[in-house]
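If you're matching them up, the sequences are chains R and C in order.
Using our numbering, read the first sequence as starting at 1 and increasing by one per residue.
Using our numbering, read the second sequence as starting at 196 and increasing by one per residue.
You may find that some hints are simply not true.
[To be verified] Straight-line alpha carbon distances no greater than 16 Å define the calculated EDC-like cross-link-like pairs of lysine to aspartate or glutamate that follow:
no. : chain 1 : residue 1 : chain 2 : residue 2
1   : R       : Lys170    : R       : Glu148
2   : R       : Lys116    : C       : Glu325
3   : R       : Lys119    : R       : Asp101
4   : C       : Lys335    : R       : Asp108
5   : R       : Lys140    : C       : Asp276
6   : R       : Lys119    : C       : Glu255
7   : R       : Lys143    : C       : Glu274
8   : C       : Lys295    : C       : Asp235
9   : R       : Lys169    : R       : Asp154
It should be emphasised that the hints constitute simulated quantities derived from the structure, not laboratory data.
Listed below, chain by chain, are the residues.
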Amino acid sequence: MFGEKVLELVQELQRSRDGTMLPFNEDGVRKVLEEMKALYDQNQADVVSTREEGQSGLFSGVQLRHTCLERNQRCLLAYLHNRLAIIRNMRWEFGSVLPADVKQNLSDQEFQWFTKYNKSLASYMRSLGTGGLDLTQDRKPPKSLYIEVRCLVDHGEFETEDGTIIVLKKNSQHFLQRSQCEHLIRQGVLEHILS
Amino acid sequence: MASGDDDITEEWSDDEVEMTAADVQQKIEEAWLNEKFAPDLLESKSELVDCMLEQIQQMESNISRCKKGDFRISVHKMEIDRIRYILNSYLRIRLGKIEKYFHNILKKEAARKDDEPSRLSLEEFAFAKEFAENTENHFKSVALRHMPPNLQALEQDKRAPKPNLDAYVFLRANQKQEQVLIEPELEDDQNAEVIDLEEGAQYIMRYQPIASLVTDAAVSLI
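Based on the provided sequences and hints, a complete structural model is requested.
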């Protein structure tokens, strides 16, 4: 059946809807492109034989194949587009450096896209106000100035804004300014204790 | 509105700081809510954002002059955090819309006449252009380049997502509005549906007909 391979790609997207990054399915993409080429060649051949031999019964086949081609194109682009959207979200979650396991799953071109996106975003954020504004901070409405956090991993020393150095050891609890440890919470170093 | 903001910037050095800064804050909060609930990108309020950022800087320098342990510090810091959240959220929402509807927005921007105000600030425009170029290049280099010749075009007009202007929104009228046309398709028709908006009343209706009222600040989205 035509269009089945591209459906697999779309299904893959659907399965990773929780925002995880699956490896770029290079093989799948190549197969879809091959299928498109085969469909196109077949169509060209049919068109030629229609023109030369005057057969008119081939039109419906050509039409069907063309629809398949369009569908393949559309689904393939959707696959790429949605992967970009996931990469974009990762930029906002993890900052400008991707974790190694995510990076592994990107294709070369996707990584290029990420680098460029990073650059555009950084220059946009720098242009805000006089000294720039980090839009990835302050993601949730502030409820209180200080929050209680628990360390989930050994992170080492952490210097707060006023110069005090605290040691973030696994399972230790701290009372910190929310604005300063927000990025650590998002990276999974700290956990916000809600009680 | 622009002239009013200039006054505010100048007055900041005076004693009336509190009062006028509060005005700016109120305006930015309204812009934030409108942006949050409108399906389409609204006009950029970058001058308000800049105002507010300056204000934050001033507050921060005030705080650093305070003695350590002064209870006013925590109150002011909390206030700064809140303002910063609103600003960040506002700009983030706009950026999200730009990324999602970049084709649509850039097309409108190109078709815009010189006397119409731009919906994008200069920085946002630069970002949108870079983003569009980057994304389209990606599509082309990965997939479209390898497709049959008649399918290599990226038909953005057909494919790119458009903001859903028919979405329903909650709104509150800030002033009395009479004869608001809510079925523009029937403009010449005798049966064209018009309604009056009472001041302070709340409504739920389609975004498209009231889009211009949001721009004029005659209604607020809630």
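Against the structure, the hints:
no. : hint                : in the structure
1   : R:Lys170 - R:Glu148 : holds (14 Å)
2   : R:Lys116 - C:Glu325 : holds (8 Å)
3   : R:Lys119 - R:Asp101 : violated (22 Å)
4   : C:Lys335 - R:Asp108 : holds (14 Å)
5   : R:Lys140 - C:Asp276 : holds (10 Å)
6   : R:Lys119 - C:Glu255 : violated (29 Å)
7   : R:Lys143 - C:Glu274 : holds (11 Å)
8   : C:Lys295 - C:Asp235 : holds (11 Å)
9   : R:Lys169 - R:Asp154 : holds (5 Å)
In the structure shown, a violation is registered for the earlier hints numbered 3, 6, in ascending order.
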